[in-house]
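Engineer: One-letter residues, chain by chain:
Number of protein chains: 2
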Amino acid sequence: MPDALYEKHQDTLKKARKTIASREYWSPYPESPRAYGEEAPKNGEETFESRIGKRFALDQAADDWSAGGETSAYGRELGVTYPVTTVAALLDNSQAAADPWGKAPVKHRSGVCMEILDRLGQNSFEMAHAVMQTTGQSFLMAFQAGGPHALDRGLEAVAYAHEAAVSLPKHMQWEKPQGKRDPIVLNKTWRLRPAGIAVTIGVSTFPTWNGYPGIFASLATGNPVIIKPHPATIMPLALFVETARGVLSDAGYDPNVVQLAVDTPAHPIAKDLVMDPRVKLVDYTGGSAFGDWLEANATHAEVFTEKAGVNSVILDSAEDLKGVFRNLSVSMTMYGGQMCTTPQNVYVPRSGMRVAGEEVSYDDVVAGFTGAIAGLLSDDDRASDILGAIKDAASVDRMAVAAASGEVLLESREIKNSLFPDAVVHTPVVVAADATDKETYMREMFGPVIYVIATDSTKQSLELATESASRQGAITWLVYSTDTTVQDAAEDAAVEAGVSIAFNLTGGLFVNQSAAFSDFHVTGANPAGNASLTDPAFIAKRFRVIGVRKPA
Amino acid sequence: MPDALYEKHQDTLKKARKTIASREYWSPYPESPRAYGEEAPKNGEETFESRIGKRFALDQAADDWSAGGETSAYGRELGVTYPVTTVAALLDNSQAAADPWGKAPVKHRSGVCMEILDRLGQNSFEMAHAVMQTTGQSFLMAFQAGGPHALDRGLEAVAYAHEAAVSLPKHMQWEKPQGKRDPIVLNKTWRLRPAGIAVTIGVSTFPTWNGYPGIFASLATGNPVIIKPHPATIMPLALFVETARGVLSDAGYDPNVVQLAVDTPAHPIAKDLVMDPRVKLVDYTGGSAFGDWLEANATHAEVFTEKAGVNSVILDSAEDLKGVFRNLSVSMTMYGGQMCTTPQNVYVPRSGMRVAGEEVSYDDVVAGFTGAIAGLLSDDDRASDILGAIKDAASVDRMAVAAASGEVLLESREIKNSLFPDAVVHTPVVVAADATDKETYMREMFGPVIYVIATDSTKQSLELATESASRQGAITWLVYSTDTTVQDAAEDAAVEAGVSIAFNLTGGLFVNQSAAFSDFHVTGANPAGNASLTDPAFIAKRFRVIGVRKPA
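Listed in order, the protein sequences are those of chains A and B. The numbering used here applies: residue 1 is where the first sequence begins, and numbers increase by one. The numbering used here applies: residue 553 is where the second sequence begins, and numbers increase by one.
Bear in mind the hints are in silico, worked out from the structure with no lab data behind them. Treat each hint with caution, since some may be false.
Here are some chain A residues pointing at chain B (derived, C-beta under 7 Å) [said to hold, decoys possible]:
no., residue
1, 87
2, 89
3, 92
4, 176
5, 180
6, 193
7, 296
8, 299
9, 393
10, 396
11, 502
12, 536
13, 548
14, 551
Incomplete in silico selection of chain A near chain B, CB under 7 Å [unchecked claim]:
no., residue
15, 166
16, 169
17, 171
18, 185
19, 295
20, 470
21, 503
22, 509
23, 550
Yeah, the Cβ is synthetic: ideal placement off N, Cα and C, and Gly gets one too.
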């Protein structure tokens, strides 16, 4: 069967391998819900609803059932419990499953990974509901980011892993001339050796989009993976584990190649898991404190982190200021600022902006910006669709801290979600800061908090954004400037700061969005994370090469 | 000029990039001293001699001159002093030199690297004398391993780095369909961002062969490099620094892209250097204690280590036992066992070996082995050529420890080197151990120490070698067996142990030898080191990619 799986999916894999080189647009998993047929939405919703209040059965050794610390950002009672496997059993089962998986031909493993992606792709509606309810994303974002876009990211990792694994010749004859004597001739082969047990530590907001790259990179390079979801957002990764174990079993592998590790906030198990010397790979997405701890302490393993950062918008000049604000009002409010790519800080020169040849004062810029946000979110239903719901109560607390830290330019408004009355929904608070108030704005205020920072000049804006990225990390910069000198300076600053940069987005593409096969997510070059999704470094140390030499 | 350098060397670079994929034999730098013309040997020796007792002038900011702790293994008085630059100045100068080098086009950097290799290649005789005198290698080994083979390894790293750096499209237009609306079109570029300051910590035995890969990998990916040689072996890397700074200056770059950092055993500076947060890359070759410390403590940097290990020979069966011993007697004695690839332990079943259909008893195997070593080294001049000289007095002490730890099968003999009467030269001591004496033989006894270990079976031999590799690390295994079942089991064990394996070497190739472009040196998969020379993982994190997006 593994051969058949590879054959079934080889065209998709070939296209993926081609696209990671060309960086062209491509998405094999349709992002439009309409592409899935008439029955799919209803079926997906029903399957999701059938899991509510029940045990989430996995054929995994377990002593108990636990709901972890799972919450619905929309205020629903989920009541789903998951099998609880001890850390020792997880590691032993993983080790026991490792050898046949590690020795399987690359094509077999890639075939299994592709089949997992394919089956997940058939259940993107169920996944969408699971992601939506747990994370607080709107349905459309949950569908796209939790389903097809996450699958794109998983496939991208499989493509990189496959590419890396097949880059060596399988067998070759090595011939070294010896002058007049006979040459030395050796038959050489190279065997791939997986690194060891991999642990993925999931995030509460984008569990599949951020989780799949590391999971599939480890799987495709032959490592068994233990998946420890964020205790507050378990179901999306449990769905993944269910599907993956099914495909593994069908293909004749031990399903313990993929296991679920559920814990609670009161009794976290991540440290116990990763500090076992058998664990050689750790993928983490989440807050900086634990990410920093992993980088400093799990030195027996290769640690890949995506942590927190403070993203910046730099306003210098524009042709179409309305377009600027239209774009910013969406990118800075969608999902209530709970994306790691959401801009938090908007730097504006006190002298204002040059717009289509005219000077626009600082006050007018600020008024235009806050007006665009207020306008976009004026209707509660539309605001609900854009904002989703707040996952973590700490984000609400941060809004109050922000509001107390400076002049409030736009107050936060609480929104009633007509379908989910218990959902916590807030429009962002927009607060003014001066360039000198570094302690105020040069920190991550995850959630619906926006700072507008008055600076001496665009030059200072860039310096502050660079300092902020170097200190606190950053994933995205968005610069509005019609001046190519400023653009070049901004690009150089972004390189120094290690931040991806976009310019002059006014249309339907938002800086938050990172497209698989083309955009690298996080650079690995500042405190926002040490890994990049997905580059060769994300793959390279997940396996090793063992040389075999025999005289010909 | 940088363009001209790339053009000058582009054919060599192209061939190198092709060869790291094909893994064929290739060496652009001739390993035969005869290939360098009649004048080269004399010129090289004269240039080397002209440095003795003098200041080694480098145009590098310096407050003082120091001989470090440099010693000649051949007992000569070298008396060479090197400029001493403070750690703070080294780091500041490195940082100041970083930006133009990091922003240079990949081709320019590759051209500079290739020119450095080329100029070094013209001075391989001088390098040979410097390596020979400092490390204790024989002249031919010093010439080959210190010169052309080290240059091969450097070029290999440049090829991998160039390949990695040019793998992205420079500019591309990304077009995402939007149904009936206009597509979203972006112009995308990607900028490479070097990791930061690189520090190479050199080893006393093969300073160039082990040093060049990390140095050239860092340079070619745009990082400035500070080179801190082992205090006892400075001159070979000082010669590199001199050449590199010359090429950098000629090409219009700040020569501080490459700097020499000299210290003494009494006042080591490696920790101060690497713990500076500006240091992002550390390449280390040397003992396990400091390598382990670096891996656990320099967590702000990417650390690449080549540490110590215990290499094994497993005797099972053979067609030509004389050929086995002929090969082993050379590989286990050359350079007095001071290669990190030298086998230390020979596992022999108590039941003996099957040789060409006949049983050969354990005692006869041992007698044949020790006899071959004694015979090879019976003539003092030939023995001197093979053994070289002992670099570190601790190796002599270990011989005594080994001799006291079990039955001595072959006593060590002190050899007089007729050219260098103060050279310390010893034939190896061969000591018997039982499989159960793990504390005795499952430790690295660097230098002229060989253990012959009596086991219950080849199966047990493989188990013990695997345990040894997992505990102490190992770089090479050499298995003699005519039985394909045993060969397959050995190969699987090598994969588990993370050790490169060779079979049935009886001719002119020795297990110690690792050919650039084809063999990976160290797997990174056991305690002998976390890096492999040279695989994509050795390159991947030395730079990062910054994405730039602009609407089309």
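Engineer: If a hint holds in the structure, say so; if it does not, say that too.
Structural biologist: Each hint, compared with the structure:
no., hint, in the structure
1, 87, "violated, 22 Å"
2, 89, "violated, 23 Å"
3, 92, "violated, 17 Å"
4, 176, "holds, 5 Å"
5, 180, "violated, 12 Å"
6, 193, "holds, 5 Å"
7, 296, "holds, 5 Å"
8, 299, "holds, 5 Å"
9, 393, "violated, 33 Å"
10, 396, "violated, 33 Å"
11, 502, "holds, 4 Å"
12, 536, "holds, 5 Å"
13, 548, "holds, 5 Å"
14, 551, "holds, 6 Å"
15, 166, "violated, 11 Å"
16, 169, "holds, 6 Å"
17, 171, "violated, 10 Å"
18, 185, "violated, 9 Å"
19, 295, "holds, 6 Å"
20, 470, "violated, 10 Å"
21, 503, "holds, 5 Å"
22, 509, "holds, 5 Å"
23, 550, "holds, 5 Å"
Violated hints, listed in ascending order, are 1, 2, 3, 5, 9, 10, 15, 17, 18 and 20; each of the other numbered hints is respected by the structure.
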